[in-house]
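Note that the protein sequences, when read in sequence, are chains S and Y. Following this note's numbering, the numbering of the first sequence begins with 1 at its first residue and continues without gaps. Following this note's numbering, the numbering of the second sequence begins with 1 at its first residue and continues without gaps.
Watch out, some of these pointers could steer you wrong.
[Claimed, not checked] Calculated lysine-lysine pairs in the DSBU-like style (CA-CA distance at most 30 Å, straight line):
(1) Y:LYS188 / S:LYS198
(2) Y:LYS82 / S:LYS145
(3) S:LYS230 / Y:LYS226
(4) S:LYS145 / S:LYS106
(5) S:LYS145 / S:LYS14
(6) S:LYS225 / Y:LYS230
(7) Y:LYS41 / S:LYS82
(8) Y:LYS105 / Y:LYS93
(9) S:LYS226 / S:LYS93
(10) Y:LYS188 / Y:LYS230
(11) S:LYS226 / Y:LYS225
(12) S:LYS226 / Y:LYS93
(13) S:LYS41 / Y:LYS225
(14) Y:LYS78 / Y:LYS106
(15) Y:LYS198 / S:LYS93
(16) Y:LYS225 / Y:LYS198
(17) S:LYS77 / Y:LYS41
(18) Y:LYS106 / Y:LYS15
(19) S:LYS78 / S:LYS105
[Unchecked claim] Some but not every residue of chain Y turned toward chain S, in silico, with C-beta under 7 Å:
(20) LEU62
(21) ALA72
(22) LEU87
(23) TYR147
(24) LEU205
(25) LYS235
Note that these hints are calculated values from the structure, not bench results. All C-beta atoms, glycine included, are put in the ideal place defined by N, C-alpha and C.
Number of protein chains: 2
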Amino acid sequence: MPIGVLKLFTSPHKKDLRALRNILGFIPGNYSLYRLALRHKSMAIDTHKKGVKNSNERLEFLGDAILGSVVAEVLFKKFPYKDEGFLTEMRSKMVNRSHLNSLSKKMGIGDMIDYDAKLNNQGNKNSSLFGDAFEAIIGAIYLDKGYEFTRHFIINRILIPHVDIDQLEQTESNFKSRLLEWSQREGKEAVFELLDEKSHGQSRLFTVRVLINGEEMGTGQDFSKKNAEKNAAEKACLALNILA
Amino acid sequence: MPIGVLKLFTSPHKKDLRALRNILGFIPGNYSLYRLALRHKSMAIDTHKKGVKNSNERLEFLGDAILGSVVAEVLFKKFPYKDEGFLTEMRSKMVNRSHLNSLSKKMGIGDMIDYDAKLNNQGNKNSSLFGDAFEAIIGAIYLDKGYEFTRHFIINRILIPHVDIDQLEQTESNFKSRLLEWSQREGKEAVFELLDEKSHGQSRLFTVRVLINGEEMGTGQDFSKKNAEKNAAEKACLALNILA
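So that you can see chain S by itself, here it is in the shape it has in the complex:
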């Protein structure tokens, strides 16, 4: 019996290890990394080291980067004739917080997260708790097993079974449409206003704001007017809590 499997019977954490094995499809090497990845900041432990509290936020930073790389490569290879604007937009659809939250729940990571139960009572539906832990787990896998392993894990255990890239391509997850649909549903008026347009050599920088029933809910700037509107809409979606 390989030593990894032995741990499932002998480790003091055997219950957790078995749950992780079921979720991840492999037996964690360094258990404490995964435990840390599942520790939300509301349960941070004071490490007594220079005032740093131990939670999954650092691992999330790392995992976010690794996930971004793997998804970038997958899209780069899957869409050889699409430009970088398309690739960037597809990636943001795949790794946005609400998509990661739902992936995290689908995979059963949610049930393993340590967090302060009070958080849940506030009815904060858009909590990024799940997506954060998901990214932190990716960070833990990377430190535990290296890039190639993590890349295969992301592709074979997450993207292939859980993410329909072709369907995502069709989905209008554009913030502007989301905001407009929401406004229509709620009987509110959404208006985009061009506030400013500045020349910079060949390009122009656009500043746009979006008003909901006359109240400014977000502004955006970009060298493309469409993107400036999208940025403003994203801020408004955030402010209105309609991202999920």
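Guided by the hints, dock chain Y onto chain S, whose structure is given.
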């Protein structure tokens, strides 16, 4: 003589291959990837495939992600007691366009880029040409040689010789200070104004704008007022062309 070295004498691109070997420290496997990485969009070639023009933009998308991952890991390990806010800020100092532009020039990549000379005549000092090609080269190395090779390349050939992380940590590359320094130098008045403050559960969303001599040059939103100001300052630096 290994086959790679043979190419330096027999390939039709031997001159380019030698130049690349000198810059990168290794002999490229797939030459055409590197050539594409050095092709600015102003020199895009029509591939006659679904209207896509071939330039380094797709490779830049990939390289940007790979570079982000490697830098994330380096910082994660170098600063075990720093929180993710610090790590994020350090990374943005390391991979911001002006830093990548200067790295690209230092390494000599700049001289190899194919771009429309007219671009240079516009005196566009902040051109992202060099930084873009730098990232695209990272993307090419990744496709040619894999993650571990690229990771070692970035660490040993770029970060160790060219980037003083400890010094960057001290540098105030914060956009707000940059903007304030610039204003002082130019004898202009920079004012940050809080436009709005909205409650969202426990957090508040701040909207801030920055005025230069009374003219709005950028707005920013964030759940921290400091970051909202930083965002507004970044937009203003962009608009004023003082990022480099």
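Mind checking the CB of LEU205 of chain Y against every CB in chain S and telling me if the closest is under 7 Å? 6 Å, holds
So if I understand the rule, the pair passes when the alpha-carbon distance is 30 Å or less; does LYS226 of chain S with LYS93 of chain Y pass? 28 Å, holds
Compare the distance between the alpha carbons of LYS41 of chain S and LYS225 of chain Y with 30 Å, and conclude whether the hinted pair is satisfied. 21 Å, holds
Less than 7 Å between beta-carbons is the criterion; does LEU62 of chain Y satisfy it with respect to chain S? Since the shortest Cβ distance to chain S is 5 Å, the answer is holds.
Need the status of pair LYS188 of chain Y, LYS198 of chain S: alpha-carbon distance at most 30 Å? Distance ~19 Å between LYS188 of chain Y and LYS198 of chain S Cα, so the pair holds.
Between LYS225 of chain S and LYS230 of chain Y, does the CA-CA distance stay at or below 30 Å? 22 Å, holds
Taking only the CA atoms, is the gap from LYS145 of chain S to LYS14 of chain S under or equal to 30 Å? 20 Å, holds
Just to be careful, I want the Cα atoms of LYS77 of chain S and LYS41 of chain Y compared with a cutoff of 30 Å; is the pair within it? Holds, at about 20 Å.
Does the CB of ALA72 of chain Y sit less than 7 Å away from some CB of chain S? For ALA72 of chain Y, the interface hint holds, since the closest Cβ of chain S sits about 4 Å away, which is under 7 Å.
Are the Cα positions of LYS198 of chain Y and LYS93 of chain S separated by 30 Å at most? 27 Å, holds
Is the interface hint for TYR147 of chain Y satisfied, with its Cβ closer than 7 Å to some Cβ of chain S? 4 Å, holds
Does LYS106 of chain Y pair with LYS15 of chain Y here, judged by a C-alpha cut-off of 30 Å? 20 Å, holds
Hint compliance for this structure: every hint is met.
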